[in-house]
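Undergrad: Just so it is clear: in the sequence shown, position 28 is 28 by full-length UniProt numbering, and no numbers are missing.
Please note: incorrect hints may appear among the correct ones.
[Said to hold, decoys possible] The list that follows gives simulated cross-link-like pairs (lysine to aspartate or glutamate, DMTMM-like), each with its CA atoms no further than 20 angstroms apart:
(1) 18 with 54
(2) 20 with 47
(3) 20 with 33
(4) 62 with 42
(5) 20 with 60
(6) 20 with 54
(7) 18 with 6
[Unchecked claim] Here are the simulated distance ranges between beta carbons:
(8) 13 with 47: 25 to 31 angstroms
(9) 60 with 1: 16 to 22 angstroms
(10) 49 with 14: 24 to 30 angstroms
(11) 53 with 20: 15 to 21 angstroms
(12) 12 with 47: 26 to 32 angstroms
The hints are simulated quantities; they were obtained by calculation from the structure and are not laboratory data.
Even glycine gets a Cβ: it sits at the ideal position worked out from N, Cα and C.
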Amino acid sequence: MQATLEVQGMTCENCETKMKQTVESFNGVTGVEVHINTGSVDVIYDEAEVMLSELRQAVEAKGYRVVV
Numbered sequence: 001m002q003a004t005l006e007v008q009g010m011t012c013e014n015c016e017t018k019m020k021q022t023v024e025s026f027n028g029v030t031g032v033e034v035h036i037n038t039g040s041v042d043v044i045y046d047e048a049e050v051m052l053s054e055l056r057q058a059v060e061a062k063g064y065r066v067v068v
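My request is simple: use the sequences and hints to build the entire structure.
TA: Right, here's the structure in full:
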C-alpha cells in the first residue's frame, strides 16, 4: 500500500531525518520519502502489519500536524 501524508511543521533537514526515522521504525514500512519543500511524506507499507492511523499518530507525537 502507498500513501502520502501532508505534514505541517517540517522546516529543516533535522525534521526530515526525524520524520524518516519515526515512520521507518514501524514493522511493515518498506519505504519512506520525505519532501520538506512540499510538506509531504510518501510511505510504502504493508497494511497487514501497520495501519495508516498508527503512522499518523506517531508523526503527531513528534510535534507535527498531519492534515491529510
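Undergrad: Are the hints correct? Go through all of them and say.
TA: We went through each hint and held it up to the structure:
Between residue 18 and residue 54, the direct Cα distance comes to roughly 16 angstroms. Compliance with the 20 angstroms bound is thereby established for this hinted pair. A hinted pair counts as satisfied when its Cα atoms are at most 20 angstroms apart, and residue 20 with residue 47 qualifies at roughly 18 angstroms. The straight-line distance between the Cα atoms of residue 20 and residue 33 is roughly 7 angstroms, inside the 20 angstroms bound, and the hint therefore holds. Our distance criterion of 20 angstroms between C-alpha atoms is met by residue 62 and residue 42, whose separation comes to about 17 angstroms.
The hinted pair formed by residue 20 and residue 60 meets the criterion: a straight-line CA distance of about 13 angstroms does not exceed 20 angstroms. With a CA separation close to 15 angstroms, the supplied pair residue 20 and residue 54 stays within the 20 angstroms bound. With a CA separation close to 15 angstroms, the supplied pair residue 18 and residue 6 stays within the 20 angstroms bound. The supplied range of 25 to 31 angstroms is met by residue 13 and residue 47, whose beta-carbon atoms lie about 30 angstroms from each other.
Residue 60 and residue 1 have their C-beta atoms about 20 angstroms apart, which keeps the hinted 16 to 22 angstroms range intact. The supplied range of 24 to 30 angstroms is met by residue 49 and residue 14, whose beta-carbon atoms lie about 28 angstroms from each other. The hint said 15 to 21 angstroms for the Cβ distance between residue 53 and residue 20, and at roughly 19 angstroms that hint holds. In this structure, residue 12 and residue 47 meet the distance hint of 26 to 32 angstroms, their C-beta atoms being roughly 31 angstroms apart.
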